[in-house]
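Enquirer: As a plain string of letters, each chain reads:
2 protein chains.
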Amino acid sequence: MKRVHTNDLPANSGARVRLAGWVHHQRHLAHISFLLLRDAGGIAQVVLEGLAIRAMALELLPETVIEVVGTVTASSQAPGGIEIHDPEIHVLSATTSPPPFELRRPQLNAQLPQLLDHAAVSLRHPRVRGGLEISAASVLGFRSTLDSLGFTEIHTPKIVGAATESGANVFAIDYFGKPAYLAQSPQLYKQMMVGVFERVYETGPVFRAEPHDTVRHLAEYLSLDVELGFIEDHRDVEAVVRDVLEGMITAVATHAAPAIALLGLDLPVVPAEIPRVDFVEALLLVEEATGERRAGEPDLAPSDERWLSDWALKEHGSEFLFVEGYPMVKRPFYTHPMPSRPECSNSFDLLFRGLELVTGGQRLHRHADYLAVLDEETQIALSGYLEAFRHGMPPHGGFAIGLERWTARLVGARNIREVTAFPRDLNRLSP
Amino acid sequence: MKRVHTNDLPANSGARVRLAGWVHHQRHLAHISFLLLRDAGGIAQVVLEGLAIRAMALELLPETVIEVVGTVTASSQAPGGIEIHDPEIHVLSATTSPPPFELRRPQLNAQLPQLLDHAAVSLRHPRVRGGLEISAASVLGFRSTLDSLGFTEIHTPKIVGAATESGANVFAIDYFGKPAYLAQSPQLYKQMMVGVFERVYETGPVFRAEPHDTVRHLAEYLSLDVELGFIEDHRDVEAVVRDVLEGMITAVATHAAPAIALLGLDLPVVPAEIPRVDFVEALLLVEEATGERRAGEPDLAPSDERWLSDWALKEHGSEFLFVEGYPMVKRPFYTHPMPSRPECSNSFDLLFRGLELVTGGQRLHRHADYLAVLDEETQIALSGYLEAFRHGMPPHGGFAIGLERWTARLVGARNIREVTAFPRDLNRLSP
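In order, the protein sequences belong to chains A and B. With the first sequence counted from 1, adding 11 to any position gets you our numbering. With the second sequence counted from 1, adding 11 to any position gets you our numbering.
Just chain A, same shape as in the assembly (with noise of 0.2 Å):
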């Protein structure tokens, strides 16, 4: 008999199934019992009638595995309108303890690093679970977007020979005796793919030895960079920021909708135009509306950043906010200065629910623009990425969205951790 999961029970209404997974929680009344089955599906109710087989479902304790072969029966009081009946139970895998934490709880009821240190069990609760499906579903749908837009994607290498795209919070490796690094992100290499492909896209780990534990970093997260040549300038840039959010929202919708229903979430809509302010104008707005001095800072605070999303939504109606032109002096040495004012660039941020979601910005392409920006040591730890602009490469630009950060915000959550499998932090290196 070919093995049916919980949420195909409603179309094998009245038919004899195998369903197969976890016991989830039981009830035992005192003519009837009640076993819940957890699966990849979801939650299907499993009655048992007869001293026999209650007898020996007491004895199975939460999180065994089980098979149940049963008949699927509409049930006006069962969960999902639909319940097994005239069940045999056969245990695949047996368990002798019960589990830290008891995971039919609607909320795990534990502390964030008791849930972290029993991630092979805390993962399994559906909220937790649903926190990655929306992970899962939202790369798809930034792939799907890319390679629907003429991206290809690319594989970078993690283990770099040199910390210089900016020298600080690199991990440092013994490779075969010499110093290398843990790469800070696949900058350089999707650039000098530019040069190959037009257009790319990485989804890979990124990693970056933040000596503070705070709430939104991640000593290794998952990087979804992008690339793009032959633009025009960084709006460009920001035009593909918004069919890829678009995208990525399109598919957490469809491929991840029984999460989005029981985590009650509302997804934001992207407009078909994000709305842009410009650095120093957000400043004004800031200071204006607090009055607080900001004019003259060199970037937001986090404080601002709620504000500007704030104020963004009130007066565009947009979860979204392009803040565009940082102060050169803030960002990378491969970022592009505005023409008409060089001591800003062609570079921004995206705001999204208050915090800062991607960065992105059209870069340097000519290869003089290097040689003046890096000074003679870096220029030769940084020749194999400096050869791509020696020899021809077009004018383009791009950007990264951390994705536990996205699906931090998306699912409301307070810590990045709660949406990371098994985070790495300062104090954190297993499970």
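Just so you know, these hints were derived from the structure itself, not from any lab. Among the hints, erroneous ones may be present.
No distinction is drawn between identical chains; accordingly, a pair holds when it is met within one copy or between any pair of copies.
What the hints assert, rightly or not - Dumping the calculated SDA-like pairs for lysine to any residue here, alpha-carbon to alpha-carbon at most 20 Å:
| hint | residue 1 | residue 2 |
| --- | --- | --- |
| 1 | 325 | 301 |
| 2 | 341 | 310 |
| 3 | 13 | 80 |
| 4 | 189 | 394 |
| 5 | 13 | 243 |
| 6 | 189 | 377 |
| 7 | 325 | 23 |
| 8 | 325 | 313 |
| 9 | 13 | 327 |
| 10 | 13 | 246 |
| 11 | 341 | 314 |
| 12 | 13 | 26 |
Use these hints to put chain B onto chain A, whose structure you have.
Expert: Relative to the frame of chain A, chain B by itself:
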């Protein structure tokens, strides 16, 4: 004027269009010149007439990035039957020195180390780029097949606290002053995630501190990993391998057709049922054919794999062959033994064109079985992993495909580095 790509020219015959790309090559005859423009879509011939534009073009080094506005004109003599007349040329990005080798040649005229040193340029060669297009399409086919089979994508950490899967060949990291390691595979995590999603896959980098330099090993490569629960045994895993391979080949045929044509490749056909041979029987077959003593060997030698691949092609008309039942002694600790012959395993390798391409099998799923094979120290180091089995894991198994090795076999590359954008090995850490 919206830019068109060179592969869109046939659809624009007679129109005035804007192209952009790299100066691939020029030929100057007495009264006429030809400029080949390369972009992501291919190569187009631009016909230059008149002294001014021919003189201007003479100044353009190969790999200069230009924009061309011209008229699409059918021409029986032009490559592809179409060329650009009456062009205006505008330089987007000038170059000051010729590339280290001539990209215009059908084959790059340089040794592999030189090509790898100058990856920023060599990857632009249509044949080299073609290999990476085939890689990208393969990964697309891998994911789309698994998506359609109900698998969920996962992202597991590459920084791990214990180097316990196999002690040797790990890279050590300084993790905030604590020792940590780069993951050799997502094996332990993908198993844990079977407890969450039942069926999972991951496409991510893995790291092996391979101390020897061979044509088929890299220190970092992309591993296509699959794990699925509620299996009967390893045969259910093999069925997924088969479908995934077919999906990858179909995606290559669909999405990398120009590369297939350029490289003149014959794509393999995946039989409805991939032939199988038992490990012990395989050794006997080789022994019988070659006269060399093989019985009792714990593993196949590379020459055995080549002989068996030839045999499968002759005997079964298949370029793929499963070798099943490897001795337990050669397989990792999580390997499930064969119930009828416990010294053998429910594991397999897939041979493709003479080389092991996939390794997989059924894993242990009972907590007690893990306690029996792991010493106490390892049990402590892997406690987060073992917790999954303590709390109910279904029978499960999985497999992994090395992307670069797959692509190398498909294109007939002798060295895996020929199809790796930025390979990492004992001696190479840049670019």
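Enquirer: Evaluate each hint against the coordinates.
Expert: Hint check results:
no. : hint      : verdict
1   : 325 x 301 : within (16 Å within a copy, 80 Å between copies)
2   : 341 x 310 : within (7 Å within a copy, 57 Å between copies)
3   : 13 x 80   : within (11 Å within a copy, 61 Å between copies)
4   : 189 x 394 : within (19 Å within a copy, 32 Å between copies)
5   : 13 x 243  : between (56 Å within a copy, 12 Å between copies)
6   : 189 x 377 : neither (32 Å within a copy, 42 Å between copies)
7   : 325 x 23  : neither (48 Å within a copy, 46 Å between copies)
8   : 325 x 313 : within (19 Å within a copy, 67 Å between copies)
9   : 13 x 327  : neither (53 Å within a copy, 30 Å between copies)
10  : 13 x 246  : between (53 Å within a copy, 16 Å between copies)
11  : 341 x 314 : within (18 Å within a copy, 58 Å between copies)
12  : 13 x 26   : within (12 Å within a copy, 59 Å between copies)
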